[in-house]
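Turn these sequences into a full structure, and let the hints steer you where they fit.
Line by line, the protein sequences are chains A and B.
Quick note: the first sequence uses the numbering used here, first residue 1, plus one each step.
Quick note: the second sequence uses the numbering used here, first residue 1, plus one each step.
There may be inaccurate statements among the hints.
DSS-like, lysine-lysine: derived pairs with alpha carbons at most 25 Å apart [claimed, not checked]:
(1) Lys12(B) - Lys379(A)
(2) Lys431(A) - Lys504(A)
(3) Lys16(B) - Lys357(A)
Computed list of chain A residues with no C-beta within reach of chain B, every gap over 12 Å [claimed, not checked]:
(4) Ile49
(5) Ser181
(6) Val519
(7) Asp592
(8) Ala604
(9) Asp647
(10) Thr981
By construction, these hints were calculated from the structure, which means they are not laboratory data.
Where is the CB? At the ideal position from N, CA and C, for every residue including glycine.
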Amino acid sequence: MPRNICSRLRVVVVLACLALGACSTHPQLERLEDEVTEMQHSQRTADNIAFYRARQRAERYLRLAGRTARFFSEEDRLRYAHAQTQYHLTSAAYYYMLSQQNRAAQEMLQIDEDNPLTASTRQWLEYRYLCGYYGYGPEVGRLGIRQCQGIANQLAASDDYWRVEAKLIEASLLSSEGNFSAALDTLRSMEPLYVEHKPDALNAELFPESLSRLYEQMSVAYAGLGNKYLSDSYRNQYLDLLNEIREDKELPARRAELEKRVSSVRRLFFVTIAFIALAAALLWLLARRWRKRGREYLSQLNEQLDEERREAGERYALHQLQAEKNKRDNIMRKASLSIVTGVIPLIDRMRREIHHKGDYEYVSELAQEIDYRNEVLAKWIQTRQGMVNLHIENFALRDIFDIVAKNKPSFSAKGIHLDVLPTDATVKADKALTLFMLNTLMDNAQKFTPKDGTVRISAETEGDYVEIGVEDTGVGLTPEEKRRILDEKVLTSDNHGFGILNCKGIIDKYRKTDDFFRVCRFGIESEKGKGSRFWFRLPKALRKAATLIALCLLLIAPSACTPYDSLFSQDVSLESNTETAPYDSLLTQAADFADSVYYANTEARYEDAFTYADSAFACLNHHCRLNSNTPLDTLASTGRGHVVERDWWMADFATDYFTILDLRNELAVASLALNRWADYRYNNRAYTTLYKLQSIDLNIAKDCRRMQRTYADMVGLIVVLLVVALLFALCYYLLLVRPRNRLHRLQEQHIKEQSSMVEEDSGLSRLQFEENRLYVQNQVLDNCLSSIKHETLFYPGRIRHMVENKAFDDLPELVDYYSEVYMTLTACAARQLEASTFRRSAVSLDSLFSYANSYLRKKSQAKGVALMLSAEPSGLAAEGDNVLLQYMMEVLMDDALTLEKEGVLSLSAQREGDFVQVVFTDERIRLSEGELQQFFEPSTEHAHVLMRQIIREHDEYFNHPGCRILASPGKEGEGLCIRFTIPIHRGKHDSNND
Amino acid sequence: MSWKVIIVEDVKLEMKGTVEIFRTEIPEAEVIGTAMSEAEFWPLMEKEVPDMVLLDLGLGGSTTIGVEICRRLRKEFSSVKVLIFTGEVLNEKLWVDVLDAGANGIVLKTGELLTRDEVRRVMEGKQWVFNQPILEKIVERFRQAVNAETMRRKAIIEYDIDEYDERYLRHLALGYTKDQISTLRTMPFSTKSLEKRQADLIARLFPDNDGRTVNSVRLVVRAIELHIIDPENLIPDD
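So, in structure tokens, the structure goes:
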């Protein structure tokens, strides 16, 4: 049990640590510390390449950590500062080791600037040690070599490196005091550290640099003790080791790094090129496809447009036929109405006679005449019932609701809210009449709804019918009013008006048409003061699933070629460019002297060696004076502190540094042999410094620079390429794709606009509107006429009956009621005709006659009667309604054809003042005076009343200028001559009915 | 004092009734002739000139021929009184026409029909003798209305105005925008074609437009000037 808890606790702790670690310790900081440690290790083991790599990485982490430093906790900040200082310290130590004082000094300066050594005592000690040992910073306060030794001793407690350092310093101090055997002992005491030393084990845990100094000290100590052989042997070992460690591997490291980067960037470059090429090719292909598709789409649209135009044309023709038919029906109804109105004077006369108790025989005659006219009317209505049917179709109520919803503004103008509930119902009925009914009920509702009221239109499907309701919050109806509306046929002074009666009539009409419409009903639900709901039912239709094929065509993106950016060829060859020191006789001389120095040394003529060396230096100095642009110090075989060669090197002065190196080495050997320690130290230092400096391979530096440049160039090139590609894509879009898209859109819009205008251009919607209006007017008129016929049919007979039975007492009341009913119904019917259906145009009489001719030919052929028409061309044009005039011709021809006798009819036209007189002659018929007088009176025999009506329409439309129609005997009293006059076309407008 | 009358009436039965009225109600009048058409009428006039002609406006197929007969009577027989006896109960324009043509009065074939009183007044030389149905409309207002209508009609013919033009102008006058007009039930046009219509209207109503731009307002004012729309009766369509 406790064990369990422990393990659980452990898990918790680990998790918490992880979480804490994740948020408290920054990963960059940890890495930085690792890298700095690695640097230190590499520096001590003189693994130069490893050092630089570690240094580069450390530098990066230093930068990264530096960015987030302000979020560090106090502890982390301390750690960061410590690592930073350590980084600089290690770098400085490394550069000192490589005799690159300047860079070392820079690093030291960084420490001064960045962190004033607050991190740890240890670092402070190391810093002071470096300052003292390598002479950094001001002379005053700098530690002497003994203090350095003290520091090394202190640090040695924990570190082998520092132990070696301390011993080396001690040995060198002993040597410089001439106590060579003590120095040798000290050095020997370190021997256990290096006893196993083999050249190949060098780069392990040992400190090669320290070891090289150990060898050097040994060589000095042996020289001091006079053991020339061992001294030389150690010196040679020292030189060997120096050769190993001297190299500054920064550049090779960088070069390797750069090579890697260059090759990767080159790969990236080619990938970029390939990508751009691929993208361009793809774009080109796509664009070509899009363009093609766009063209196809446009042409498809165009085709569609043509198709629509053609269809619209066909529809137009169809509607025109229907409209013409409707117009003919309309004129027939108007003629019927004129028959009705013609009865009114007769009724009035009847009334008068009855009220004046006048001539009852006359009353009887009048009643008989009225009866006859009713008969005519009945016959006309009957004929029409055979001719005209309801336009039954399946349609979605939504269409009609959408139309009535357009009335919202007119409702809201009166402060009434119109609520049209959406519906999915589909009915089988007459669309135009349904719209008419809905409009009528809505108008009615609007009339009786006060401000802030609501009118709601809705449809509900129930069983096999759809109930359409118009509900209002208006004044409502009493049961009595309701009953009157529903039951009474005649509404004399009812404010609900004739409209509702019409609706009822239409529903009755449906029911009479077919058993299918048995579900049709009209009803009212209402309560006084609370509003009403008028409803009607129409049979439900099986809804056809409309298949909408949505053409989702992508908007067109046209194509263009991507010009391949010329590939900038980049010279990336890494050709080395060696720089050789100019040949100079002075340098040759110096080299010769150097050789002499060597020989003098091998022959143990050490003093001579110094002399030769002086001569060699003189040559070199002279050469320097001659060739250097900047004044430089002179070289000398002896000296203190300052190493002049380094200045030369740093100033990039070209001379024979190999000679100088030889000279310094030989001088060091000579001074060892002569025990001139100061000279030895100076020359040895000069040698080591130059030797190390020389290891900096200038070619590599150049390569690095070139590679750096190449790398930068490549990166730049890639960037440029991408930018160019991006710019190109942008330009491509802005200059080609977008304008073309816009063009396409414009074209598309244009086509669509045209397409939307097609119907209107062809006048189709107007035609439809008129057709519908005529149709509704006809239907409503039919209702009116039917009710006039039905409701009043009974009275004339009744009156006659009463007159014959001498029941005069009740007559006045009856005739008054009859008159009232008749007048009301007639007025209602007349109101339906208020909208003008007349369509004026210039009508060429010649084309009118040729229409009559072809009509006659067709009809006479059908009847098998050889009846011809001779029409005189007149070139005249009249103002009138073409459809009505054509109908006029039809009526004339039909009338002539009722007499099945062959012969020739004639038509002619002439000008008569402001009129055109058309003369129709039929010489086959002979009519009596009386027949001619009654020619245009209503009759069950003929439809002459239509002709009268058509002329009356013209007269009325043109404001009663005096259009006439007259029937008279023909020339010499033979035959029939019908003349009519209509306004002449004054040539203001072009004839458009030819 | 007896006087002579000729009756012109194209419906036989009505003729009978009218003659009967004269016989029973106005016995001082002597019916010297009856005509059922213009062709019959003029020979009667040639034969004997009456003191009064009772004239029906519509004869045969021609509804307004009475107006012409009246005009000719005024010209050729200025002393003859003309009383119009017509069933044209709704056609006010015809009443004005026939009055202008010189008729002494109009009696509509409704209500009481022809009474002695009206005939007597005509014989006394009174102008504008009307029976009750006509008198119910006050002559002055009636005339104004008719004149306005006449002007409007004229404009409609002159400038070829159709009902859509009128409706368009009326709604413009009411401050409707073209977009709003295009949503009207009675205006089955798109905004675009309404623009066309307006340009067309401007061209018609301003035939010699001297380059001044005519906007909708000017157009509407012009339409009011021409009585194409009636500013006192501006009602929007539903």
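Report holds if the minimum CB distance from Ser181(A) to chain B is greater than 12 Å, and violated otherwise. Check passes; 119 Å lies beyond 12 Å.
Taking the closest pair, is the beta carbon of Thr981(A) still more than 12 Å from chain B? Answer for Thr981(A): violated, closest chain B Cβ roughly 9 Å.
Please settle this one: Ile49(A) was flagged as non-interface, so is its CB more than 12 Å from every CB on chain B? It holds; Ile49(A) is separated from chain B by about 82 Å at its closest Cβ, greater than 12 Å.
Least C-beta distance between Asp592(A) and chain B, which was stated to exceed 12 Å: 107 Å, holds
Regarding the pair Lys16(B) and Lys357(A), is the alpha-carbon distance no greater than 25 Å? 16 Å, holds
Does the alpha-carbon distance linking Lys431(A) and Lys504(A) stay inside the 25 Å limit? 16 Å, holds
Measuring Cβ to Cβ, find out whether Ala604(A) lies farther than 12 Å from everything in chain B. 120 Å, holds
Restraint check for Lys12(B) with Lys379(A), where alpha carbons must lie at most 25 Å apart: 22 Å, holds
Please settle this one: Val519(A) was flagged as non-interface, so is its CB more than 12 Å from every CB on chain B? With a cut-off of 12 Å, Val519(A) remains clear of chain B, as the shortest Cβ separation is near 29 Å.
Cβ separation check - Asp647(A) to all of chain B, threshold 12 Å: Non-interface label on Asp647(A) holds, nearest chain B Cβ at 92 Å vs cutoff 12 Å.
When each numbered hint is compared with the structure, a violation occurs for hint 10 only.
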